[in-house]
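Engineer: Each chain, written out:
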Amino acid sequence: GENVEQHPSTLSVQEGDSAVIKCTYSDSASNYFPWYKQELGKRPQLIIDIRSNVGEKKDQRIAVTLNKTAKHFSLHITETQPEDSAVYFCAASIGNTGKLIFGQGTTLQVKP
Amino acid sequence: NAGVTQTPKFQVLKTGQSMTLQCAQDMNHNSMYWYRQDPGMGLRLIYYSASEGTTDKGEVPNGYNVSRLNKREFSLRLESAAPSQTSVYFCASSEAWSGETQYFGPGTRLLVL
Chain B
1 GENVEQHPST LSVQEGDSAV IKCTYSDSAS NYFPWYKQEL GKRPQLIIDI
51 RSNVGEKKDQ RIAVTLNKTA KHFSLHITET QPEDSAVYFC AASIGNTGKL
101 IFGQGTTLQV KP
Chain P
1 NAGVTQTPKF QVLKTGQSMT LQCAQDMNHN SMYWYRQDPG MGLRLIYYSA
51 SEGTTDKGEV PNGYNVSRLN KREFSLRLES AAPSQTSVYF CASSEAWSGE
101 TQYFGPGTRL LVL
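Residue numbers (our numbering), protein chains in the order written: chain B, 1 to 112; chain P, 1 to 113.
Just chain P, same shape as in the assembly (with noise of 0.2 Å):
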């Protein structure tokens, strides 16, 4: 049971390259989220997967893309990356939508020159 993995570990790209984050969890959980952190500022909302075949954004969602692949997989997008989207990620989910732990997994840094 590896809980919730994401790939790549770390990744640097240029301004205006895109690339995709992989999330996947193998505890059957319904909701699945992702974040990102910066010095100073705790965990921020990107997008959200509250049940599979749906997605909403969250808190900071502008400059990225999700897809629910299956009740497993939820993948970030960066169509186009800018400095500012340098930080870590991290993915999580959880068995329910409220009031429910959310596991995370361990996490992507990223640096985008």
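One chain only, chain B, in its complex shape (with noise of 0.2 Å):
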């Protein structure tokens, strides 16, 4: 079946500093990619998104890139702050569908 594999599970960064989380997955036929932030006992909220037809996609101190040849995506999150601290999850479409498939999730702790 179709598979999400994020790395790493769980990311230290001091204040300031920037934070990558990297996610790769199977379905050469997925064309969405959205990011979601989830603090302790909250839900999932979306933080960014991208689509196939676009390399880079950037919103303020968050950034994703696509590389649909390797399958893989990535966040970028920089001049990171104690609030960024949660988990963030990966996700991708399958084919053109509203069918998720969920990377297993990254806890980023920011310390000030």
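Hints in this document: simulated from the structure, not taken from any laboratory.
This one's a predicted model, so the numbers in the text were calculated from it and none came from an experiment.
C-beta atoms are modelled at their ideal positions from N, C-alpha and C, and glycine is treated no differently.
Worth double-checking, as some hints may not be accurate.
One-sided excerpt, in silico: chain B residues whose CB lies under 7 Å from chain P [claimed, not checked]:
| no. | residue |
| --- | --- |
| 1 | P44 |
| 2 | F89 |
| 3 | T97 |
| 4 | G98 |
Mimicking DSS-like on lysine-lysine, the simulated pairs with C-alpha atoms at most 30 Å apart in a straight line are [to be verified]:
| no. | chain 1 | residue 1 | chain 2 | residue 2 |
| --- | --- | --- | --- | --- |
| 5 | B | K68 | B | K22 |
| 6 | P | K57 | B | K99 |
| 7 | B | K42 | B | K99 |
| 8 | B | K42 | B | K57 |
| 9 | B | K111 | B | K22 |
| 10 | B | K42 | B | K22 |
| 11 | B | K58 | B | K37 |
| 12 | B | K58 | B | K42 |
| 13 | B | K111 | B | K57 |
| 14 | B | K99 | B | K57 |
| 15 | B | K58 | B | K99 |
| 16 | P | K14 | B | K42 |
| 17 | B | K37 | P | K71 |
| 18 | P | K9 | B | K37 |
| 19 | P | K9 | P | K57 |
| 20 | B | K99 | B | K68 |
| 21 | B | K42 | P | K57 |
| 22 | B | K57 | B | K22 |
| 23 | P | K57 | P | K71 |
| 24 | B | K57 | B | K71 |
| 25 | P | K9 | B | K42 |
| 26 | P | K14 | P | K57 |
| 27 | B | K111 | B | K68 |
| 28 | P | K57 | B | K37 |
| 29 | B | K42 | P | K71 |
| 30 | B | K68 | P | K57 |
| 31 | B | K58 | B | K22 |
| 32 | B | K99 | B | K111 |
| 33 | B | K71 | B | K58 |
| 34 | B | K37 | B | K71 |
| 35 | P | K71 | P | K9 |
| 36 | B | K22 | B | K99 |
| 37 | P | K9 | B | K99 |
| 38 | B | K22 | P | K57 |
| 39 | B | K22 | B | K37 |
| 40 | B | K71 | P | K9 |
Build the complex from these two chains, which are given one at a time in their own frames, with help from the hints.
Structural biologist: Below, the structure is given as structure tokens:
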């Protein structure tokens, strides 16, 4: 079946440093790649997404890059702040459908 | 505009009992989803409804049934709960079926003893 692998599972950075989380996917027909942030005890919330016809997308301190050939995409957070501490999930669509396969999550800790 | 709402927030069941998790959205979205979240496993799709009147199985449908009651409401039923169904359940909705943001509800924490 389709699969999304996410690395690392935990990431600790100093405030102000950058953080990078990487995901690989198996379905070459995937065309939608969202990233969700989940704070402890809360619901997942979309922070950025990218579609297969775009290689990079940026929103303030957050950026996502997509390499369709290699079937991997990455989340980049610059100038990290303590409030960025959370679990981050990547996901990939199954083909051109609304079905999403999620990665296992990355726990990001930003130390003041 | 409440977004996606779920009831109950927390439930304890005994093995073999049944229950229905309720989900409603007020964003006029066409598609709705049920996920379960277990530690270290991310979110897994149980069932989905691409549009009103349709439902289909996701990644982990065994032991569950769903009903798309109308455009707003999508319920998940456990007919005979098992300890393996202990999890946090999230409902989500999106405006359209493909390539659209999925908005999540607050979740239901279910413990099956």
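Engineer: Decide, hint by hint, whether the structure agrees.
Structural biologist: Here is how each hint holds up against the structure:
1. P44: holds, 5 Å
2. F89: holds, 6 Å
3. T97: Hint holds; T97(B) Cβ to chain P Cβ min 6 Å, cut 7 Å.
4. G98: Hint on G98(B): holds, closest Cβ of chain P at ~5 Å, below 7 Å.
5. K68(B) to K22(B): Holds. K68(B) to K22(B) sits at ~13 Å (cutoff 30 Å).
6. K57(P) to K99(B): holds, 10 Å
7. K42(B) to K99(B): holds, 22 Å
8. K42(B) to K57(B): holds, 26 Å
9. K111(B) to K22(B): holds, 21 Å
10. K42(B) to K22(B): Judged against 30 Å, a Cα distance of about 23 Å means the pair holds.
11. K58(B) to K37(B): holds, 16 Å
12. K58(B) to K42(B): Distance ~25 Å between K58(B) and K42(B) Cα, so the pair holds.
13. K111(B) to K57(B): Roughly 26 Å between the alpha carbons, so the hint for K111(B) and K57(B) holds.
14. K99(B) to K57(B): The hint holds at about 22 Å.
15. K58(B) to K99(B): Cα-Cα ~24 Å, so holds.
16. K14(P) to K42(B): Cα-Cα ~26 Å, so holds.
17. K37(B) to K71(P): holds, 27 Å
18. K9(P) to K37(B): Between K9(P) and K37(B) the Cα gap is close to 20 Å, so the pair holds against 30 Å.
19. K9(P) to K57(P): Between K9(P) and K57(P) the Cα gap is close to 24 Å, so the pair holds against 30 Å.
20. K99(B) to K68(B): holds, 19 Å
21. K42(B) to K57(P): holds, 26 Å
22. K57(B) to K22(B): Roughly 15 Å separates the two Cα atoms, so the pair holds.
23. K57(P) to K71(P): holds, 18 Å
24. K57(B) to K71(B): holds, 16 Å
25. K9(P) to K42(B): holds, 12 Å
26. K14(P) to K57(P): This hinted pair holds, its Cα atoms lying about 25 Å apart.
27. K111(B) to K68(B): Judged against 30 Å, a Cα distance of about 33 Å means the pair is violated.
28. K57(P) to K37(B): Holds, at roughly 26 Å.
29. K42(B) to K71(P): holds, 25 Å
30. K68(B) to K57(P): holds, 28 Å
31. K58(B) to K22(B): holds, 16 Å
32. K99(B) to K111(B): violated, 35 Å
33. K71(B) to K58(B): Distance of about 19 Å is within 30 Å: holds.
34. K37(B) to K71(B): holds, 22 Å
35. K71(P) to K9(P): Given that 30 Å is the threshold and the Cα spacing comes to 22 Å, the pair holds.
36. K22(B) to K99(B): holds, 20 Å
37. K9(P) to K99(B): holds, 25 Å
38. K22(B) to K57(P): holds, 28 Å
39. K22(B) to K37(B): With Cα atoms ~14 Å apart, K22(B) and K37(B) stay inside 30 Å; holds.
40. K71(B) to K9(P): violated, 37 Å
Violated hints, in rising order: 27, 32, 40; the structure is consistent with all others.
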